[in-house]
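Given only the sequences and the hints, what does the whole structure look like? Please build it.
So the sequence lines, in the order shown, correspond to chains A and B. Following my numbering, the numbering of the first sequence begins with 1 at its first residue and continues without gaps. Following my numbering, the numbering of the second sequence begins with 143 at its first residue and continues without gaps.
It is possible that some hints are incorrect.
Claimed, not checked - Keeping only pairs whose Cα atoms sit at most 27 Å apart, straight-line, the calculated DSSO-like set for lysine-lysine is:
#, chain 1, residue 1, chain 2, residue 2
1, B, 334, B, 432
2, B, 616, A, 80
3, A, 109, B, 601
4, B, 298, B, 646
5, A, 109, A, 9
6, B, 428, B, 334
FYI, nobody ran anything at the bench for these hints, they're computed from the structure.
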Amino acid sequence: MAAQSANIKVLLAKLGLDGHDRGIKVIARAMRDAGMEVVYMGMRVTPDQVAQTALQEDVDVVGISILSGAHMRLIPRLTKALREREILDDVLVMVGGTIPEDDVEPLQKMGVQGVFPVGSFTTAMTEFISENISRGRSAPQV
Amino acid sequence: MADNEQKPKRSLSGLEVKPVYTPDDLADTDFARDLGQPGEFPFTRGPYPNMYLGRLWTRRQIAGFGTAQATNERYRFLLDHGQNGISTDFDHPTLTGYDSDHELAEGEVGRLGVAIDSVRDMDDLFLDIPLDEVSVSLTINHPAIVLLGMFLSVSKKRNVDWSKLRGTVQNDSLKEFHGQKTFALGPVPSLKLTTDIVEFCTDHVPNWYTISISGYHIRESGSDAVQELAFTIAQGMAYVESALERGLPVDSFAPRLSFFFGVHNDVFEEVAKYRAARRMWARIMKDRYKAQKPESMRLRFHAQTLGSTLMRQDPQNNIARGTLQALAAVLGGTQSLHVSGYDEAFDIPSEEAMRMSLATQLILSHESGVANTVDPLAGSYFVESLTNDIEEAAWEYISKIEGMGTGEFLMKQGMLGAIDSGYIEREIARSAYEYQLRIESGEQVVVGLNQYRSEGTQKLELFQFNPEEEEWQKRRLAETRSGRSATDVKSALSSLKQAARDDKNLMPAVLEAVGALATEGEILDSMRDVYGEYVDPGVF
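Encoded structure:
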């Protein structure tokens with residue numbers, strides 16, 4: 001797994017004004033320890049900024065953490081911004097945070113491949129990345 | 143199972159816990175010197191001689207969501223159901239100093255707290271609530287001077303004398319860079335604003351608590367108990383030094399500083415943390431800052447059970463967690479308490495969950511017997527040892543931060559340096575990561591998450607957010623803007639900027655701007671113009 005992870009580049013960011021960054025920093029460390037290259041944009045970035053950075057940095061994965069309840073407003077803007085730059089199909093989009101079960105399917109329809117609610121293990125995320133990057137894009141998974 | 147293995151037990155924060163404690167463990171402890179009587183220096187046993195026999199802790203459940211009207215209704219519900227203090231939770235745009243129509247505010251207006259844009263909203267928030275009778279805690283930090291200004295303005299309009307106000311403003315600007323993360327300005331200007339509030343209230347709002355020095359958010363960000371204790375005390379020292387640098391006599395402001403801690407799962411470690419905090423603060427204030435008044439030395443605190451301990455799996459289990467945490471806070475001598483809702487791993491709490499949290503407090507108060515005597519765990523070989531150990535470990539951190547400072551005000555400069563270098567944030571992130579790894583490996587059992595998992599999920603009746611409130615709030619903001627004198631606003635904001643450039647206390651200019659119906663975002667924008675905006679450095 002480490003050998004595969006070595007070439008994987010992950011972009012992590014928090015959208016909006018949400019200050020809950022404990023989880024995303026834990027994930028950043030876990031992904032780094034799994035051998036991935038991590039770019040963490042920090043907090044208070046806009047969907048456009050994330051998409052632009054994803055393009056410039058040529059990342060494999062875009063990971064967003066939202067614990068403010070604003071995911072159904074902000075994620076459509078993110079996937080739209082990625083689509084506009086024609087990279088939505090090239091990156092693995094993952095969303096974590098306080099995501100209710102009922103929102104999982106709508107998020108997947110928008111183009112999010114992995115949804116990881118609070119309490120998810122970091123190993124579940126790193127494994128999800130390894131599997132989906134190495135095999136090419138597979139079916140959505142929660 | 144592994145119950146018989148020889149590995150020493152450790153507290154949640156990694157302090158060694160022996161199988162049995164005896165008087166030998168307290169050979170170096172002098173009870174008169176290190177504990178004293180309750181209500182006496184060094185206040186280890188509590189800030190008051192009779193503690194809960196005099197008055198039970200204040201049941202203060204934080205609340206805020208949607209518009210000021212919606213939150214006002216919740217306040218009145220809570221007051222009707224046994225609550226006796228109000229604590230305001232503001233939404234992210236308010237916490238970070240943006241108006242509800244700002245681009246970054248999308249989807250977050252009124253979502254996790256109440257939306258306040260102008261003094262009109264503040265007036266609505268406290269409709270029919272007697273401000274001279276109910277103590278109010280304003281949970282706001284970098285824009286604290288603006289929200290406090292609005293509150294003072296509403297009080298004045300209602301003819302409530304400022305000396306009768308007994309509330310608290312959180313106003314702990316430094317922790318925003320490593321806990322909570324709702325900063326608006328950089329460390330130096332935000333510390334200046336914190337000190338402006340201390341100075342202004344000391345002169346004009348004498349019974350107001352000017353800073354709630356907060357460890358709670360540090361702990362939610364993933365620190366352990368030792369770090370929570372150390373960084374909180376270090377922040378407190380930085381505020382004291384900043385006020386001393388301003389020329390305020392220590393005994394003029396120190397009695398109005400209070401503290402705010404989290405409550406985690408390890409009952410005895412939490413009790414030890416509170417007892418150590420009181421002893422440390424008392425000695426720091428007396429020995430280092432030469433306070434004379436006992437009120438300047440005695441640490442009083444609010445406690446909140448930690449949201450990060452709540453699990454989605456089997457959410458009713460969170461009621462048990464909240465009860466144990468609340469018990470720890472009470473055994474540790476808290477002055478007020480918030481028990482988090484058992485459904486908060488999903489969303490902000492429902493009314494039902496808040497009723498349960500209040501009931502937890504009432505059962506502890508009236509059925510458990512724990513409030514019948516003062517500091518019931520004093521003299522326990524174990525608890526006293528743990529109190530000594532956690533204090534010693536915290537001092538190591540504080541000394542390290544002090545070593546980062548230079549000049550006359552070492553802790554103030556040291557904290558600014560520790561924030562600038564990312565030291566504190568990285569220390570907390572490391573603890574958060576290690577704790578997560580312990581959970582994932584199964585070394586730390588979390589019932590329902592990594593062991594004893596049950597099949598099937600319980601469906602809870604969760605809080606229902608009304609998405610129309612965001613549009614309503616934006617319309618109200620537009621109405622406020624169109625109904626005021628643009629000249630007055632412009633003139634007030636320009637005076638404010640001048641006062642900032644002249645390094646004056648900004649409260650008078652803020653009061654003027656608030657009175658002219660300048661919005662929170664406009665006032666903060668004026669400050670950002672002068673001081674610059676703080677951008678998250680993305681440390682992990």
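27 Å Cα cutoff - pair residue 298/B, residue 646/B: Roughly 23 Å between the alpha carbons, so the hint for residue 298/B and residue 646/B holds.
Residue 616/B paired with residue 80/A [C-alpha distance capped at 27 Å]: holds, 25 Å
Pair hint outcome, residue 334/B versus residue 432/B [Cα-Cα no greater than 27 Å]: holds, 23 Å
Straight-line alpha-carbon gap residue 428/B to residue 334/B, limit 27 Å: Holds: residue 428/B and residue 334/B sit about 24 Å apart, inside 27 Å.
27 Å Cα cutoff - pair residue 109/A, residue 601/B: The given pair, whose Cα atoms are some 24 Å apart, holds under the 27 Å limit.
Residue 109/A paired with residue 9/A [C-alpha distance capped at 27 Å]: holds, 24 Å
The structure is consistent with each of the numbered hints, conforming to all of them.
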